[in-house]
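Full structure from sequences and hints, please.
Protein chains in written order, with the numbering used here: chain E, 1 to 213; chain R, 1 to 213; chain D, 1 to 213; chain G, 1 to 213.
Output of the computed footprint for chain G on chain D, the stretches with three or more beta carbons under 8 Å from beta carbons of chain G:
(1) 118-124
(2) 164-170
(3) 176-186
(4) 193-200
Derived, one-sided and incomplete: chain E residues facing chain R with beta-carbon distance under 10 Å:
(5) ALA116
(6) LEU133
(7) ALA136
(8) LEU169
(9) ALA171
(10) SER174
(11) LEU179
(12) GLN183
(13) VAL196
(14) ARG199
(15) VAL202
Bear in mind the hints are in silico, worked out from the structure with no lab data behind them.
It should be emphasised that the depicted structure is a prediction, and the values quoted were computed from it without experimental measurement.
Idealized CB from N, CA, C, for every residue including glycine.
Number of protein chains: 4
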Amino acid sequence: MPRQLPAHTGRAPVSARGTRTRIALVQAARAVFERDGYLDARITDISAEAGVAAGSFYTYFTSKQEVFGAVMADVEEEMLHPRILEPADRDDPVHVIEAANRAYLLAYRRNARLMALMEQVSQIDEDFRRQRLRRARAFTERNARALVALQRRGVADPQLDAQLAARALSAMVSRVAYLRYVQGVGTESVEALVGVLTRLWVGALGIRSATYI
Amino acid sequence: MPRQLPAHTGRAPVSARGTRTRIALVQAARAVFERDGYLDARITDISAEAGVAAGSFYTYFTSKQEVFGAVMADVEEEMLHPRILEPADRDDPVHVIEAANRAYLLAYRRNARLMALMEQVSQIDEDFRRQRLRRARAFTERNARALVALQRRGVADPQLDAQLAARALSAMVSRVAYLRYVQGVGTESVEALVGVLTRLWVGALGIRSATYI
Amino acid sequence: MPRQLPAHTGRAPVSARGTRTRIALVQAARAVFERDGYLDARITDISAEAGVAAGSFYTYFTSKQEVFGAVMADVEEEMLHPRILEPADRDDPVHVIEAANRAYLLAYRRNARLMALMEQVSQIDEDFRRQRLRRARAFTERNARALVALQRRGVADPQLDAQLAARALSAMVSRVAYLRYVQGVGTESVEALVGVLTRLWVGALGIRSATYI
Amino acid sequence: MPRQLPAHTGRAPVSARGTRTRIALVQAARAVFERDGYLDARITDISAEAGVAAGSFYTYFTSKQEVFGAVMADVEEEMLHPRILEPADRDDPVHVIEAANRAYLLAYRRNARLMALMEQVSQIDEDFRRQRLRRARAFTERNARALVALQRRGVADPQLDAQLAARALSAMVSRVAYLRYVQGVGTESVEALVGVLTRLWVGALGIRSATYI
DNA sequence: AATGAATGAGGTTTCATTCAT
DNA sequence: TATGAATGAAACCTCATTCAT
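Below you can see the structure in the form of structure tokens.
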């Protein structure tokens, strides 16, 4: 009978060997999660996949939830943050929107398994969901500010609530990506999706641009 | 976890008493699911909530998945299927869209707990997810056909891929509803949401209407 | 992975079969505890000893601590509560004291294994220790009141603090019993112990009695 | 739990550095034992408290039991052995008894945490219990011899079995100390306890002394 | 049809101990 | 000597499902 509370675990490694093991565990966790899904992933499997003893998992993590967090942290770089204002011909809003949509869809397709996983874990783990919403909010804010700028320049429909419009259109893109690349709905190419989504954005925002005359 | 194939399957009740018990179980299941979520709902809890013995559950159902199906069947009526073409001033597409969005959001808000549950179970139960996608597809088809009609009438942007546009815009609405009523993102009123969403639809579809002159 | 807190368990049986099983578990627990000691007793062993599946333990108890409580409750009757005033020639305090000591020692010897167990668990389980101290206090109170009565009758040394004296002399008897019957210190007979202890009590309390002229 | 016989045993340190480490470990062990109790003290905690790596523990000790022994050896000096014949006015047995009781109680109070620990470990570790009983026996022998001397001088009740009486009265004192300073029973001052205990001893032994005329 | 008790597989978690550096 | 990571045995506990009344 355990006579003691968990106490600690979840330490950062000090030695090189420890660092290696931790990395192996995170990689193994990612593989197991992508293969079995969050719920069916057993800690045992992660240890095995990493080639370490079952107990070694607890040298670095406290729970499945915690490794999952580590996997996500590791992966953050990999998932790009497409920004509406970054690319291409900065003066033509249509080009900007198109570039952003393309970047997003490509990244989504590239990491489809991971995105599926995130979607799943969001429905299972309260903390992760909250964290994710927070990030999405930041992203939407940026888009909203960009939209306000367009409205000021007289390029976009000034009657739109920028916040809501940004939220709704972002949701549209991410949901389309989810349906296409995780759920396998439809067979359209990235370019087909980019074309339609951009046209919808442009119309929705009331942008008048030479691109679509 | 099933160690053998179930000896008997959930049967339809024969006696009046049986009918009552089955109804009690389904109601209890809904309450427990909404309270604890799908994963944490124990069959034991459902029986207890229904005021029957643990074993009685298996007189009517084989598994958690199965009661969940029954709950959904029971609830189907309650969840409306907003159709783009049904209400109001059928000749003004803006009115039609607005009415559909309003109906959808109101229904979503009314059944928010249930919608959260469906979203969750979609991520957990393969079968349920597939079933739900099938329904969503049917719904989208209808919208796509309506859009084609608008394009033929010269009211909507003829260059849009009707399928994709319908899918994307439906996804937008349902995701906004999810964020607002399940995740608690924002504090906007139904009317505010309806206003923005409708304006986005109308713009996106390139509808030229007196309503928005 | 358990996704749920313990929830409940530890129910009282409703059916006759359940009652039988619970009794079997308590008896088995007592046997295992007396054989292996509290710490080394495994819940698994208790179930096995009772001839039921491992999981069945949790139908009636939540923890080792809880069965132990049940064992003690079951046993309470069996352990007599020797009272200084009950037996024999009520007017002769020496007879009364002697009878009480004899009764106590006999009971202790009869339940030596159990008493050893109680002593052990007192050092391990906070709650049990507190409970036991509470009982001991009640017992001491009674003795203290009896002593006050003797002091009022002019039979016992009036200068003694009755509370303290009662506590000290009770402790003396129980500790002697523990040393003799649990630790195996000495080889004296019950009567030898009764003789000395009574003589010590009588002297300590300053009782002047014909019995010891 | 040991799965193999220990490859090496706790050695005495050779270097000065080693000596320091060993001392740190013993001190840490005492602190952890007093804080967490014997059972809940983890070797890991002791190492941490001592500020050394987990593995370093095994350079000096083989087991928890072994450090505990070292702690006790370290502490032996600190725990006085009150002797009935040592102090004060050697000719007045009452003074002698009183002085011994006072010395014992003061020492017990001073080391209450440690005494609690010893009491606990006695119930858990067979070897330690035996060792402790042996010491107690030696102590009782001395008291018994002193009592015989008193009987020969005609000062104490000659009918008492000296062995038993010494054992019983010593047990009384140590148990009262345990209840008062470890279990927190009562609020009496040392002097109040000394007063009552001495009076009980004197009466119990049938000592006739000017002190109590 | 209902009851409620029994079953048992199997993943989780701990921590004393070992050992390569 | 010290370090700190790795090991792995072992018990716990849950709860879906069965089944005798």
